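Listed in order, the protein sequences are those of chains A and B.
By the count of my numbering, the first sequence reaches residue 437 at its end, each step adding exactly one.
By the count of my numbering, the second sequence reaches residue 661 at its end, each step adding exactly one.
No lab work stands behind these hints, which were simulated from the structure alone.
Just so we're clear, the structure is a prediction, and the values are computed from it rather than from any experiment.
Glycine included, C-beta positions come from ideal geometry on N, C-alpha and C.
You may find that some hints are simply not true.
Chain B side only, calculated, beta carbon under 10 angstroms to chain A, not exhaustive [what the hints assert, rightly or not]:
{"#": "1", "residue": "Met478"}
{"#": "2", "residue": "Val614"}
{"#": "3", "residue": "Leu626"}
A partial selection of chain A residues facing chain B, derived with a Cβ cut-off under 7 angstroms [claimed, not checked]:
{"#": "4", "residue": "Leu254"}
{"#": "5", "residue": "Cys313"}
{"#": "6", "residue": "Pro316"}
{"#": "7", "residue": "Ala320"}
{"#": "8", "residue": "Ala322"}
{"#": "9", "residue": "Arg332"}
{"#": "10", "residue": "His341"}
{"#": "11", "residue": "Ser380"}
{"#": "12", "residue": "Gln381"}
{"#": "13", "residue": "Ser382"}
{"#": "14", "residue": "Arg384"}
{"#": "15", "residue": "Met386"}
{"#": "16", "residue": "Tyr403"}
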Amino acid sequence: MPDSFTWEIMGLGFVAAILVGFVASYFGVFIVQRRMAFLGSGLAHAAFGGVALGILLDTQPLFVALPFTISVAIAIIWVRDHTGLAEDTVIGVMFSVAMALGVVFLFLKEGFSGDAYTYLFGSVLAVSMTDVVLAGCMVAATLCTFPLWGAWAYATFDRDLARTDRLRVVWHDYVLACAMSIVIVVSMKIVGMVLIAAFLVLPAATARMLSQSFRQMTLISIAIGVTTPAIGMYLSLFPDLPPGAPIILVQSAMFVAALVVRKQGMIK
Amino acid sequence: MSAPAIRVQRVSVRLGDYEALRGVSFEAPEGAFVAVIGPNGAGKTTLLNVLLGLQRPDQGVVEVFGMDPAKLPPDTLGYIPQLKTLDRSFPGLAIELVVTGRRRSWPWRISAADRAAALHALELTGVARLASRPIARLSGGELQRVYLARSLVRNPKLLVLDEPGAGMDIGAEAEMYHLIDHYQTASKATVLMITHDWEGARVHATHVLLMDRGLAAFGAPAEVAREDRLLNVFGYAGHQASTHRTPPDA
């Protein structure tokens, strides 16, 4: 069993993981239903470019990664809407550029940077009070967007129909992409860049298989998003793993269980 | 004399290098049933987008009930899109889709008033029994009826349909025309429908708009459906057997 000292160190990580799990699973339902999973992956790579710049500048990496990633998200949507290029093409270009910049920034930083490893694979020990406060602010901001749930769901179902009802779907695209950027950047320290796309998608994908309405999907996704990081982090204590991998494995196990439940015809 | 329901004057739209509409003009009176017909790429969908206020014309004037379509109150309009634009995997129920007609957003909860109105609209279109069925499990014909219910729940002055018969069998299509006729008679609404169904247009429409990027003809169905016009626009004027065919031996 982990001793009290370990629990003390892990406490902040647990709280932060549950908070980012809530936000990621909430936005995850839109990401899954709008088939934006690749955007999540692309923005995670872009965030790494921002983190690398922060490390190079010897400042708090998150504060650089945040505007950097939001800028990339806005650029992706803008280029998609103004060039007619497919979204996956634009994402592919943007994340490659951001990743390449990240490599250059890290190379310019003299000596090995352990921070970069933290952001790649996640680390509980690296979670600070600042990260927890940021995650708390993100939860508060997410709750503020809740009145937009209906509009986002409507545009997710049928974008053209929503436009005829004068919904500002393009504006909502930007808001969603910016929200995704913030979630990714704040979650990076815990889950790691490599696994963040799965962290955004798995709870919602699991919920989709268990739901008949979008409201149900949202609630189940949040339930999974809040519980699995706690379970995954607890499991990470025993072999002393970075927390990202156990969290994703727990979420994957739930995904497989939901798949079996659905295939057995227990849910239509 | 009242203003026309739809007034389109010398409207042109360019989409990049492509001229999707060229100098289109027509006026449809209130209560008209306008069938928009033309070959693929004739500009029908562009015209629809202009009338829905989703596309600004590069030139010309468009008015719907005397207003700029982009400023038209959404409740004035009932729009039934092509089924291909929606996400069939979306986890939603038929009644939730109908409620979007009243709320203009996807409902988190359905109030008693919204539920009653939605069920009434579903009853009008003969699919009240499908209210709690997931959208993914509705057939094309059932879904069109749910969409029609979604439009009727707001009692629109203008009903716009984009190829509503696509993917329907002839029985379901005839039933849909019957429902539209019934609503129009009761409400005096104006109907604009994009279709490839000449026969349906001839029987149900009061006006036919024949398009070929520009306007090829506008008027009563019998007036527009002349063989020379059809040949000119479609290069075709009806089915004709090219050879004498006999059934193969059993």
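Restraint outcome when arginine 384 of chain A is required to lie within 7 angstroms of chain B by C-beta distance: Holds: closest Cβ of chain B sits about 6 angstroms from arginine 384 of chain A, inside 7 angstroms.
Please verify that hint: cysteine 313 of chain A, Cβ, nearest Cβ of chain B, below 7 angstroms or not. The hint is violated - cysteine 313 of chain A has no Cβ within 7 angstroms of chain B, the shortest such distance being about 16 angstroms.
Holds or violated: the hint that serine 380 of chain A contacts chain B, with Cβ atoms closer than 7 angstroms. holds, 5 angstroms
Holds or violated: the hint that glutamine 381 of chain A contacts chain B, with Cβ atoms closer than 7 angstroms. At about 5 angstroms, which falls below the 7 angstroms cut-off, the nearest Cβ of chain B leaves the hint on glutamine 381 of chain A intact, so it holds.
With 10 angstroms as the cut and Cβ atoms as the points, is methionine 478 of chain B at the interface with chain A? Hint on methionine 478 of chain B: violated, closest Cβ of chain A at ~13 angstroms, above 10 angstroms.
Would you settle whether the hint for valine 614 of chain B is holds or violated, based on the nearest Cβ-Cβ distance to chain A being less than 10 angstroms? Violated - the Cβ of valine 614 of chain B stays beyond 10 angstroms from chain A, reaching only about 28 angstroms at its closest.
Would you check whether tyrosine 403 of chain A satisfies its interface hint, that is, whether its CB is within less than 7 angstroms of any CB in chain B? Violated, about 31 angstroms.
So, as I understand it, the hint says alanine 322 of chain A touches chain B; can you test that by seeing if any CB pair is closer than 7 angstroms? This hint holds: alanine 322 of chain A lies near chain B, its Cβ roughly 4 angstroms from the closest one there, short of 7 angstroms.
Does leucine 254 of chain A pass the interface hint, meaning its C-beta sits closer than 7 angstroms to a C-beta of chain B? violated, 13 angstroms
Classify the hint on serine 382 of chain A as holds or violated, based on whether any CB of chain B lies nearer than 7 angstroms to its CB. OK, holds: serine 382 of chain A within 7 angstroms of chain B, min 6 angstroms.
Once the shortest beta carbon distance from methionine 386 of chain A to chain B is found, is it less than 7 angstroms? Holds, because the Cβ-Cβ distance from methionine 386 of chain A to chain B comes to roughly 5 angstroms (cut-off 7 angstroms).
Under the criterion of a CB-CB separation shorter than 10 angstroms, is leucine 626 of chain B in contact with chain A as hinted? Since chain A brings no Cβ nearer than about 24 angstroms to leucine 626 of chain B, farther than 10 angstroms, the hint is violated.
The earlier numbered hints that this structure contradicts are 1, 2, 3, 4, 5, 6, 10, 16.
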